[in-house]
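> Sequence:
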Amino acid sequence: MVNLEKQVQYIKTVGPSRAELLNKLGIHTLKDLITYFPREYEDRGKVKKICECVDGEIALIEAVAVSRIVEVKMRGKSMYKLQLRDETGTCTALWFNQSYLTKMFRTGEKYKFYGKIASQYGRVEIASPVFEKATETKNTGKIIPIYPLTKNLTQNILRKIIEVGLSEVEDELEETLPEYILEKYKLMDLNQTIKKIHFPKDLTEFEKARKRLSFEELLIMQLALLELKNSYLNEKNGIEFSKDVKISELIEELPFRLTRAQLRVLEEIELDMENQKEMNRLLQGDVGSGKTVISILAAYKAVKSGYQAAIMAPTAILASQHLESFTDILNKKGIKCELLISSITKKRKEEIREKLKNGEIDILIGTHAILEENVEFKKLGLVVTDEQHRFGVKQRTKITEKGQNPDVLVMSATPIPRTLALILYGDLDISIIDELPPNRKPIETFAVRKRMEERVNNFVRQQIEEGRQAYIVCPLVEEDEENDLKAVTNLAEKYQKEVFSNYKVAYLHGKMKAKEKEEIMQNFKEGNIDILIATTVIEVGVNVPNASLMIVENAERFGLAQLHQLRGRVGRGEYKSYCVLKYEGNGENTRERMKVMCETNDGFKISEKDLELRGSGDFFGTAQHGLPELKVANLFEDMPLLMEVQKIAMNILEEDKKLEEQKNKLLKKAVKEKFNTRIEI
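Counting from 996, one number per residue, gives the positions in the sequence shown under our numbering.
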């Protein structure tokens, strides 16, 4: 039997230095290597005549070299030109700074070239083409996989390593889907699938391999989520909160009016809380739609029914903000709220833990600190997790275990399309706040190129002179912490010393200590900082009503959902607010994404577009949703397959609730491997 856990450095042609590069891509074992799937494919199989080539297309031509390579010096660069000819016309191949090419071609010999065509005024050029002799088929003449790379690792080297990896597992992979499913749904077997997803002979083979892998990923995910939901449904011993405690009593005393959407959601939550079944509800609402007040009202019902509530936020500053909001509304009702975050003193923590255990604290608001084992509630009845994607299923389970099947409300400001949410959060019921409070002004968004930098800087100055504050956000640089740090600190230095030397400029990044970050955010909130330069650490929830301007550097590197979250940091006060997206690159995808951001403030529309343009791999990673990463399936394109698979999963579990039958042994194993959570299959 093949050893899939074999370390990648011991695979032929790899060795320690290449293994280090592969590790950066998350490839540590033979299994990681053969399941590192291509990002896209190039069809280099169909040869085009030179006269058929169209400007801007990527094409494969077969032509004779009719000259020697000529080197042309231009602005410090060397350009290398080679004249080519086939029976229909001539073409010039161009390369930059590749001196080794002078020895690669012989006049009169035929070669294949694959690259981007420029065709104007009868002249045809092919830029930086991949090439080989006409008789070879290593890099042309077939469909070529294109993989995500890291620095110092080329496509050719990675392809070769993957070929070697595949030869090591040659037809020896153990099947992961039951025979009856493969037959019934006409799916390719695993050994063929893995080969064909990397090196398909044609597009039909690729489609079959992709279908098999997408089907499997979605089926395992659906089985796990449905089983989780079924386990909740079977737990009849949830809390029945008092029907005599009415949320409407407190609504009437609020200093603002709730929207119709908020009232509808509260009705759903109140019904759940009064029901014997344990509540597991996802509350989705766009940035600023008023989710916090919903959690305050739900906590009020829990406390007045004789229980405690726990509110968990992803950051200390957001938890502190929640404490303010909860106290403002609930203090006059005699409800005692407390804050538990890592930065408070040891003595204070002990006091809080003691009071919590004795029932002297009604609502505990905090960060991950709440999850610690020594935090005990007297009678926990309601758990609210804010920004669910920062926690995931495991942590949600950990906190609910501190009570006797408490009701759970999960809040998320990352809107996802409803059909998708129903399928993805198979273990949760869903409520959506789909309108903003009437006082929320839409944020004007502009996408600008680098050349507009001075105008943008003047706009920042103008806003600050009017008494406002601004955020400037830098992207993460290829997951490289040192470079991220450098990007932020370099920009901060430039802005502090040169561009905005008259103003108070501070910066913030993920490697700072929690206490330091909190101090800076607090200073910004209190108006002691004019411009805050940060990485996306400011993405979640902080409320600074005086900040009216969000500038995003290199906006093309962010997903739309993330840009929308960042934009939501402004527009929280009475002032007109703006978001400026500075971007580089002229690709159609980039232009389309910037256009969407400028045209709509609707998070649900934006998330649909994000899925369409980026695919689900980026959109729903393990880190974001506590779900296994989807390597192949695309939740936008594969929606019909996803819906079909959900029905299949339901039928399987209807027949075999715990996947205990022999025929489902492989499914049970796959679910256990992928979902290392509270799934008791």
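Please note: incorrect hints may appear among the correct ones.
Subject to a maximum C-alpha distance of 25 Å in a straight line, what follows is the list of computed DSS-like cross-link-like pairs (lysine-lysine) [said to hold, decoys possible]:
no.	residue 1	residue 2
1	1190	1026
2	1520	1506
3	1179	1660
Simulated from the structure, these hints should not be mistaken for laboratory data.
> Output the numbers, in ascending order, of every earlier hint that fails for this structure.
The structure breaks none of the hints.
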